[in-house]
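*Asks:* Sequence:
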Amino acid sequence: MIRPSAAQKETGDQKPADLLDELDSLDWKRAGSTATGSRVGRSATRVHSPAPANNTVLDHLAACDGEVADFIAQARSAPAPEPEPGQPGRAAAYERARVQADHLGMDWQAYLAAMEWRHAAASALLMGDTDVIRREPCPACRTWGLIWVATHKAAMCVNRYCAERGQPTMWTLAQLAAERSGRRPQRVAN
Numbered sequence: 000m001i002r003p004s005a006a007q008k009e010t011g012d013q014k015p016a017d018l019l020d021e022l023d024s025l026d027w028k029r030a031g032s033t034a035t036g037s038r039v040g041r042s043a044t045r046v047h048s049p050a051p052a053n054n055t056v057l058d059h060l061a062a063c064d065g066e067v068a069d070f071i072a073q074a075r076s077a078p079a080p081e082p083e084p085g086q087p088g089r090a091a092a093y094e095r096a097r098v099q100a101d102h103l104g105m106d107w108q109a110y111l112a113a114m115e116w117r118h119a120a121a122s123a124l125l126m127g128d129t130d131v132i133r134r135e136p137c138p139a140c141r142t143w144g145l146i147w148v149a150t151h152k153a154a155m156c157v158n159r160y161c162a163e164r165g166q167p168t169m170w171t172l173a174q175l176a177a178e179r180s181g182r183r184p185q186r187v188a189n
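Read in order, the letters of the sequence shown correspond to residues 0 to 189 in numbering that gives the first Met the number 0.
Source of the hints: derived by calculation from the structure; they are not laboratory data. For glycine and all other residues, C-beta sits at the position ideal for the given N, C-alpha and C. Do not rely on the hints blindly, as some may be mistaken.
Claimed, not checked - With a straight-line cut-off of 27 angstroms between C-alpha atoms, the simulated DSS-like cross-links for lysine-lysine are:
| no. | residue 1 | residue 2 |
| --- | --- | --- |
| 1 | K152 | K14 |
| 2 | K14 | K28 |
| 3 | K152 | K28 |
Unchecked claim - Just the calculated beta-carbon pair ranges, DEER-fashion:
| no. | residue 1 | residue 2 | range |
| --- | --- | --- | --- |
| 4 | S48 | R164 | 45 to 53 angstroms |
| 5 | A72 | T142 | 17 to 25 angstroms |
| 6 | M105 | A52 | 39 to 47 angstroms |
| 7 | G104 | R45 | 22 to 30 angstroms |
| 8 | D106 | T44 | 47 to 55 angstroms |
| 9 | S48 | V98 | 24 to 32 angstroms |
| 10 | R141 | H47 | 45 to 53 angstroms |
Generate the whole structure from the sequences, applying the supplied hints.
*Replies:* Dropping the structure here:
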């Protein structure tokens, strides 16, 4: 796992725009730079060399940027302030989405909160910080027994009583984000 410097926050506490900007650097875009784990199983003999870029990081950046842009496009009816001239692109996009969600109501705020947490968690997992999952309680049994299983790309509850109740024990990031935003109190728009 990558250890942040003393002045820098843990990756699970950073905003999604900051994590995405960090992933957008050349160090993370290089092939083999993420902590996605080794591939298991057999594969065909390679004829060509692999891509020099990390396609996982590039796909993740494109998906997150596209989702925020779609959110803003769907919420165009709300008045939004112009971004400040010195504000970076991703931070300005997330801020604009927050302002529009505040004007549109609690459903949009809950969706945006889930989307921001999912982007931050996925970015932290790409950087090797699996502790971001351990900070969340299991949606089924409410214990702190979640661990990240990279091969399944899902969180698993290791509490044995959770499995005995017949509840699901595997949770995707989208499911965890929806559960997290559902239990957070939402503030009402002005």
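*Asks:* For every hint, state whether the structure bears it out.
*Replies:* Now for the hints, and whether the structure bears them out:
{"no.": "1", "hint": "K152 with K14", "in the structure": "holds (22 angstroms)"}
{"no.": "2", "hint": "K14 with K28", "in the structure": "holds (20 angstroms)"}
{"no.": "3", "hint": "K152 with K28", "in the structure": "holds (20 angstroms)"}
{"no.": "4", "hint": "S48 with R164: 45 to 53 angstroms", "in the structure": "holds (49 angstroms)"}
{"no.": "5", "hint": "A72 with T142: 17 to 25 angstroms", "in the structure": "violated (39 angstroms)"}
{"no.": "6", "hint": "M105 with A52: 39 to 47 angstroms", "in the structure": "holds (40 angstroms)"}
{"no.": "7", "hint": "G104 with R45: 22 to 30 angstroms", "in the structure": "violated (52 angstroms)"}
{"no.": "8", "hint": "D106 with T44: 47 to 55 angstroms", "in the structure": "holds (51 angstroms)"}
{"no.": "9", "hint": "S48 with V98: 24 to 32 angstroms", "in the structure": "violated (46 angstroms)"}
{"no.": "10", "hint": "R141 with H47: 45 to 53 angstroms", "in the structure": "holds (49 angstroms)"}
This entry does not satisfy hints 5, 7 and 9, going by the numbered hints stated previously.
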